[in-house]
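**Student:** Read off the chains here:
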Amino acid sequence: MYPAQFDYHTPSSIQEAISLLTRLKDDAKLLAGGHSLVPMMKLRLAQPKHLIDLRKVPGLSGIKEQGGAIAIGALTTHYQVESSALLKQKCPILPETAAQIGDPQVRNMGTIGGSVAHADPAADYPAAVVALGAELVAEGPKGRRAIKADDFFKGLLTTAIQPDEILVEIRFPSWPAGTGMSYMKFPHPASRFAVVGVAAVVTVDGKGACSKAGVGITGAGTKAVRAKGVEAALAGKTLDAATIQAAAEKAADGVDVQDDPLQGSVEYKTHLLKVYCRRALEAALARAKK
Amino acid sequence: MAGKVLLTLNVNGEQYEVAVPVHKTLLEVLREDMGLIGTKHGCELGECGTCTLLVDGRPVLSCLALPIELQGCDIVTVEGMASGGRLHPLQQAFAELGAAQCGYCTPGILLSAQALLAEVPKPTRQQIRAALAGNLCRCTGYTKILDAVELAALRTDGAADVAEATR
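Protein chains in written order, with the working numbering: chain A, 6 to 295; chain B, 671 to 837.
Simulated from the structure, these hints should not be mistaken for lab results.
Beta carbons: idealized from backbone N, C-alpha and C, even for Gly.
Accuracy of the hints is not assured; some may be wrong.
Stated by the list, open to error - Covered by chain A, per the in silico footprint, the following chain B stretches (three or more residues, Cβ under 8 Å): (1) 694-705; (2) 721-732; (3) 736-745; (4) 796-804.
Unchecked claim - Below, in silico cross-link-like pairs of lysine to aspartate or glutamate (DMTMM-like), each with a Cα-Cα straight-line distance of 25 Å or less: (5) A/LYS47 / B/GLU717; (6) A/LYS54 / B/ASP744; (7) B/LYS694 / A/ASP58; (8) A/LYS61 / B/ASP726; (9) A/LYS30 / B/ASP726; (10) A/LYS54 / A/ASP125; (11) A/LYS47 / A/ASP125; (12) B/LYS674 / A/ASP32; (13) B/LYS792 / A/GLU87; (14) A/LYS61 / B/GLU684; (15) B/LYS694 / A/GLU87; (16) A/LYS69 / B/ASP726; (17) A/LYS47 / B/GLU739; (18) A/LYS34 / B/GLU789; (19) A/LYS233 / A/ASP156; (20) B/LYS674 / B/ASP744.
As the list claims (entries may be wrong) - Pair ranges (Cβ atoms, derived): (21) B/LEU676 / A/SER18: 37 to 45 Å; (22) B/LEU824 / A/GLY67: 34 to 42 Å; (23) B/GLY683 / A/HIS276: 35 to 43 Å; (24) A/SER270 / B/ALA689: 48 to 56 Å; (25) A/GLU254 / B/GLY742: 34 to 42 Å; (26) B/ASN680 / A/LYS54: 42 to 50 Å; (27) A/PRO178 / B/GLY673: 47 to 55 Å.
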């Protein structure tokens with residue numbers, strides 16, 4: 006099975022990639038790991054006349070610490086995230102999330118930037134991106150700008166990235182001492198995509214009260230969202246079982262849960278969201294107390 | 671640019687020059703232009719793992735890879751597993767235990783398992799399952815496949831013994 010014919014471009018700098026994108030406009034698609042784009046091209050759901058391969062662009066891959074925050078290049082593979090000693094220590098929810106994506110073959114080629122920019126509603130990373138309060142760095146003809154996670158996911162397969170921009174980096178802010186984090190998903194048994202996925206990040210102060218919380222939801226709706234109701238129900242509270250249960254009950258508030266014959270009904274996914282939210286909060290809390 | 675591009679690919683330790691349309695996947699170039707038909711067509715969409723091969727030692731789906739991106743990489747297909755007429759210990763174990771029925775998924779599974787054993791010489795059952803999670807088999811029920819990987823791991827105790835076993 007072949008994709009339709011295309012012209013193939015390998016820019017050697019981000020500026021060259023942006024000028025290609027600016028010139029070719031809607032006829033071009035950016036290629037990272039290709040594990041969402043190439044299947045769509047083979048099915049002829051996408052027939053770009055030009056492919057701009059970002060893999061030879063230097064500086065787009067890698068994980069580094071900058072002033073306490075973590076910066077991950079867009080072309081960093083899921084395997085690199087999954088196996089990063091730095092992330093396991095500083096931001097363990099990211100390796101935990103990456104390890105749950107697809108299968109080893111997918112994780113060896115798929116990239117964090119490709120996944121986030123593609124914005125598949127059942128992708129895993131977006132939940133953690135929202136929960137941690139990440140910034141998505143896009144570069145275009147006018148330079149770089151940082152987009153807050155809450156403003157990034159616009160809808161089904163749609164983000165705030167403009168047609169002449171490229172997602173180059175994702176920055177994850179550091180969270181205070183006393184923070185625990187966990188990503189819990191119910192994977193579709195065949196595809197391993199998230200039927201629902203919940204990323205929970207909680208900080209507890211010296212008295213055991215929740216001083217900060219971030220909860221991101223993926224899978225159930227058309228885009229990843231922040232579970233504001235859950236966060237509000239945790240704020241300032243001592244996180245006992247009843248408080249966590251009550252907060253998790255709000256997991257589907259504000260989520261446009263979709264009915265899907267292959268992924269489940271609205272009622273089913275709403276129930277899963279509450280259960281997985283409770284489990285993610287419990288795991289995050291246990292880690293925060295360590 | 672509907673014409674062909676000239677690519678240099680390093681497959682099983684040999685350099686190949688092929689002139690192919692840029693939109694052909696690595697799977698198709700291996701099978702149709704290089705005569706290496708050990709790598710199998712499966713779902714074509716990155717789900718079944720049948721087309722798995724190794725790129726720089728890691729399992730990759732050849733049905734989703736464009737060969738033009740993999741110039742300069744070390745590509746290993748199932749044809750590259752046997753050495754000097756001797757089967758790889760994994761191939762030997764699969765044959766002895768009957769870890770294949772129709773055999774169509776076997777090349778991909780062998781290569782995923784080879785990558786695992788290179789990284790984790792004595793994997794647990796759970797580690798084998800995780801490493802083979804991307805390779806579907808519709809015949810065996812997997813039990814004999816897991817047994818065969820365990821047997822191969824048991825027989826290969828470090829690099830020296832692999833050399834011994836394949837001499």
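**Student:** So, for every hint listed, does it hold in this structure?
**Tutor:** Checked hints:
| no. | hint | verdict |
| --- | --- | --- |
| 1 | 694-705 | holds (count 3) |
| 2 | 721-732 | holds (count 6) |
| 3 | 736-745 | holds (count 3) |
| 4 | 796-804 | holds (count 4) |
| 5 | A/LYS47 / B/GLU717 | 13 Å, holds |
| 6 | A/LYS54 / B/ASP744 | 29 Å, violated |
| 7 | B/LYS694 / A/ASP58 | 15 Å, holds |
| 8 | A/LYS61 / B/ASP726 | 16 Å, holds |
| 9 | A/LYS30 / B/ASP726 | 34 Å, violated |
| 10 | A/LYS54 / A/ASP125 | 23 Å, holds |
| 11 | A/LYS47 / A/ASP125 | 18 Å, holds |
| 12 | B/LYS674 / A/ASP32 | 21 Å, holds |
| 13 | B/LYS792 / A/GLU87 | 21 Å, holds |
| 14 | A/LYS61 / B/GLU684 | 24 Å, holds |
| 15 | B/LYS694 / A/GLU87 | 30 Å, violated |
| 16 | A/LYS69 / B/ASP726 | 24 Å, holds |
| 17 | A/LYS47 / B/GLU739 | 17 Å, holds |
| 18 | A/LYS34 / B/GLU789 | 35 Å, violated |
| 19 | A/LYS233 / A/ASP156 | 14 Å, holds |
| 20 | B/LYS674 / B/ASP744 | 22 Å, holds |
| 21 | B/LEU676 / A/SER18: 37 to 45 Å | 24 Å, violated |
| 22 | B/LEU824 / A/GLY67: 34 to 42 Å | 38 Å, holds |
| 23 | B/GLY683 / A/HIS276: 35 to 43 Å | 54 Å, violated |
| 24 | A/SER270 / B/ALA689: 48 to 56 Å | 53 Å, holds |
| 25 | A/GLU254 / B/GLY742: 34 to 42 Å | 54 Å, violated |
| 26 | B/ASN680 / A/LYS54: 42 to 50 Å | 30 Å, violated |
| 27 | A/PRO178 / B/GLY673: 47 to 55 Å | 49 Å, holds |
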